[in-house]
Amino acid sequence: MSAPSKYATPRRALALGPGLALLCGALAVVAFLSVTQGSRSIGLGEVLRALGSLDNDGSITGTVTLELRVPRTLLGILVGAALGVAGTVLQGVTRNPLADAGIMGINSGAAAFVVFAITVLGVRGVGVYVWFAFAGAIGALALVYAIASLGREGATPVKLALAGAAVTAGLGSVTTGIMMTNVDALNELRFWQVGSLAGRYTPILTGVAPFLLIALFASMFFGRALNGLALGEDVARGLGQRTGRTRAVAFAVVAVLAGAATAACGPIVFIGLVVPHVARLICGPDYRWILPYSLLLGPIVLLLADVVGRVVTPPDELQVGVVLGVLGAPAFVAIVRYAKLSEV
Amino acid sequence: MRAWRPILAAAVLSAALAGCGSDSDSAGETTASAGPWQFTDGSGQVVKADKAPTRIIAHAGEAAALMSFGIKPVGIFSDESVKTDPNLKSLDLTGIEILGEEWGKIDVEKAAALRPDLIVGDWWPAEKAHSGMEEGVDEKSKKLAELAPVVGVTQGKSIVQLAEGYEDLAESLGAKVGSPEIAANKKRFEESVTKFKAATAGKSGLTVAAMSPADDKVYVANPTYAPELLDLQGWGLDVLNPASPDPGFPYWENLSWENADKYQPDLILWDGRSYTETANAEWGKKQPTWFKIKAAKAGAVVAWPAFWLHTYGDFATELDKLTTAITAADPNVGA
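Sequences listed follow chains A and B, in order.
Each residue of the first sequence is one higher than the one before, counting from 1 in our numbering.
Each residue of the second sequence is one higher than the one before, counting from 1 in our numbering.
If we strip away everything but chain A, and leave its shape as in the complex, we get:
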C-alpha cells in the first residue's frame, strides 16, 4: 500500500487529463487499423466506400468490411474495455495484484455451463452458448462471493482468492469429468480454448453490448470506493465506507463485464491482468484515473493484438489469445523488470 502523495504529484494529475484524450486518439487509430487491415487485403478506397455507403452491395469487400470487420472491431473495443475495467475493479476490490477473470472462477463457470447446455439440454450453436457462458460466469462469481462471505469478517481478500481457486478447481473437474465421457461436448468446447474475436458477428455483438455498456458506465463511479478499500479494510470502514456493500456491488459489475466478455470471445485472461498494472503505472494509485485509463487501454491492447494476428499469416489468422500470449508475456516481464509496479 502506498501513500497517495508518493505518486500522484500535482504535475502528474494535471497531465492525466490530456493523456486520456491522447488515449482516445490512439484508440481511434487502432480501430481504424482494425477495419482497414486484415488477412484479406482490401484497398483503402474500397473500405471507405463500403463504410461511406453503409450498404452492403453484395460484393465480397463490402461483406468483409461491414459484416466481418466492423462488428469485430466494435466487439473488440467493448470486450477489451470490459476486460480491462473488470481486472482493475477485481484487483482493487480484492487487493490482489494477480486477480483476473481466470482465478475468480469466471472462465471455468462459463465452460461448465456450456458443457451442461450441450450434454443435458442438448443445445447447439455459438449464439446459444453465449447465454449459457454468461450465466455460468455470473453464477461462478456469485458462488465465489457467497463462499468468501461465510464467517464473521465477510468477504476478505484472502478468502476471496481462496474461494476463487476452490470454485475454479471444482467447476474445472466437473467440466473435465463430463468431457471425458462425452466426446461431443469436448469437440464443441474447443471453440473456447483460445480466446478469439474471429467468427463473432453482429448477433453476438448486439447480444452482449447492452450488458457491457451499462456495466462499463456503472464501473466508472467506483473510483472513490476503490481508493477507500485500497487503504485497507479498517481504514475504509473508519472513513465511513460500507465495505461489504461496496464489494458486493463491485462484484456484480465485474460478473457482468467479465461474464459477457468471456461469453462472447472465450477466455482472454491477459488483458484483465496486465492493463490495470499499466494504468496504475501511468496514473499512480488513484482509481478515479486508473478506471478510465483501463477503459481505454484495454481495447487498444486487444485490438492491436488482433490486428497483428490478422496480418501475420495470410490467408490464415492467429487467434488474439495466441498473439497476446506470444507478445504480451514478454511485454509484461519487461514492465515488471524495468518499471517499478505500484502496489495495489
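Because the hints were derived from the structure by calculation, they are not lab data.
Remember, it's a predicted structure, so these values are computed and weren't measured experimentally.
Glycine residues also receive a C-beta, built at the ideal position from the N, C-alpha and C atoms.
Treat each hint with caution, since some may be false.
Simulated restraints, written as ranges between beta carbons of each label pair [unchecked claim]:
{"no.": "1", "chain 1": "B", "residue 1": "G299", "chain 2": "A", "residue 2": "V333", "range": "51 to 57 Å"}
{"no.": "2", "chain 1": "B", "residue 1": "E135", "chain 2": "A", "residue 2": "V333", "range": "26 to 32 Å"}
{"no.": "3", "chain 1": "A", "residue 1": "A334", "chain 2": "B", "residue 2": "T40", "range": "52 to 58 Å"}
{"no.": "4", "chain 1": "A", "residue 1": "P210", "chain 2": "B", "residue 2": "K286", "range": "18 to 24 Å"}
{"no.": "5", "chain 1": "B", "residue 1": "T278", "chain 2": "A", "residue 2": "L121", "range": "15 to 21 Å"}
{"no.": "6", "chain 1": "B", "residue 1": "G299", "chain 2": "A", "residue 2": "V322", "range": "30 to 36 Å"}
Which stretches of chain B does chain A cover? Using the computed rule of at least three CB atoms under 8 Å from a CB of chain A, they are [to be verified]:
{"no.": "7", "region": "212-218"}
{"no.": "8", "region": "246-254"}
{"no.": "9", "region": "258-264"}
{"no.": "10", "region": "288-298"}
Here the structure of chain A is known, so what remains is to put chain B in place on it, guided by the hints.
Then chain B, alone, in the frame of chain A:
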C-alpha cells in the same frame, strides 16, 4: 489421427455416413503360421517376431480392415465413440476390449493387461508417427508403443494401397484373404471406380475443393496428404490443390473467414465428419462470407469420406455417393 484435430471445433459428428463397413466379418478364426514373422512398416522399418502375433491391439479403421479379413483384435482404440466411428459402428465388437474412444486418449494400463504382441496403427508420413501416438496426444498414450512392436500401412498416396497393405498384413498374420466375400467387395469397388471414372469424364471442366468450415476459419484439404483425394484425382476428378498449406500441419490450408472465397470450385467436398443435410444452409446463415463461395450458395456440396477409409467395401459405398453428386454437378457454378 491428428488430421481430425483442426476441424473438431466444428465437428457435429456425422450421421451421413450410414451404410459403411458392410464388408465386416467377425468370425475370428486366426490360424497363424508357425515360424518367424515379419512385416515392413509404413515407416520403412522391418518388424520381426519369432512367430506371427495373435494378440493385436489396433486403431479403429485398421481394426476394421483386419476384421474384414477375419483377424479379430483383442483391443481397439478409436478417436470417437465406437458407436459413431464410421469404421466401427456397424461391426460386432463383442469380446474386444475398448481402450479409448477419444482422440489422443488410450488406456495403456488396460492395454497392458491384454498382453498384446502387436500394435497396429496407420503410419502418417506428414507427422512421422503411428495413429494414436502422434504429436499432441496424451503423453501416457504414447506408452502403448512400449507394450509391443507397432506396425501400420502408410497413409500415403492411395486408399487402394492402404487396403492392399492391410490385406498383406492380415495374410502375414494367417488370414485367408481369398474368401468370396472379400472378392465380392473388390469387384463392387472396381465397378464403383469404373462408374466414377465415367462420371468425371462426362464433366470436363468440373473442379472440386475438399473443405471443412469451422467457427473461426475455413479449412481447405491438401490432397497430397489425403490418400482418398489423391485416388479421386487419379480417377480424373479435378480436386483443387491449395496454394499454401499450413507448413506445420500440411493436411490443410487455413483460410480466415475474410478469405473464404479464395477458391471457387464447382462442387464442395464437405468433410464427412461434420457434414449434415442442413450444414450448408446453417453455415451460410452463420458466416457472412460462406455463400461468397458460389458452389456453397448454389448448394453444390457432398460429403467427403475424410481420413477414415480402410477397406474396399467402404470406399465403394462412398464412391457411389460421390459419383451421384458429380453426375448432378454443374461445371460452371464456380466460373
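Verification of the supplied hints:
1. B:G299 <-> A:V333: 51 to 57 Å: Cβ of G299 (chain B) to Cβ of V333 (chain A): about 52 Å, so the range 51 to 57 Å holds.
2. B:E135 <-> A:V333: 26 to 32 Å: Roughly 28 Å apart at Cβ, these two residues keep to the hinted range, so it holds.
3. A:A334 <-> B:T40: 52 to 58 Å: With a Cβ separation near 54 Å, A334 (chain A) and T40 (chain B) satisfy 52 to 58 Å, so the hint holds.
4. A:P210 <-> B:K286: 18 to 24 Å: holds (22 Å)
5. B:T278 <-> A:L121: 15 to 21 Å: Given a distance of about 20 Å, which is inside 15 to 21 Å, the answer is holds.
6. B:G299 <-> A:V322: 30 to 36 Å: holds (35 Å)
7. 212-218: With 3 residues close enough to chain A, the hint holds.
8. 246-254: With 3 residues in contact (Cβ-Cβ under 8 Å with chain A), the coverage given for the region 246-254 of chain B holds.
9. 258-264: holds (count 4)
10. 288-298: holds (count 3)
When held up to the earlier numbered hints, the structure conflicts with none and fits them all.
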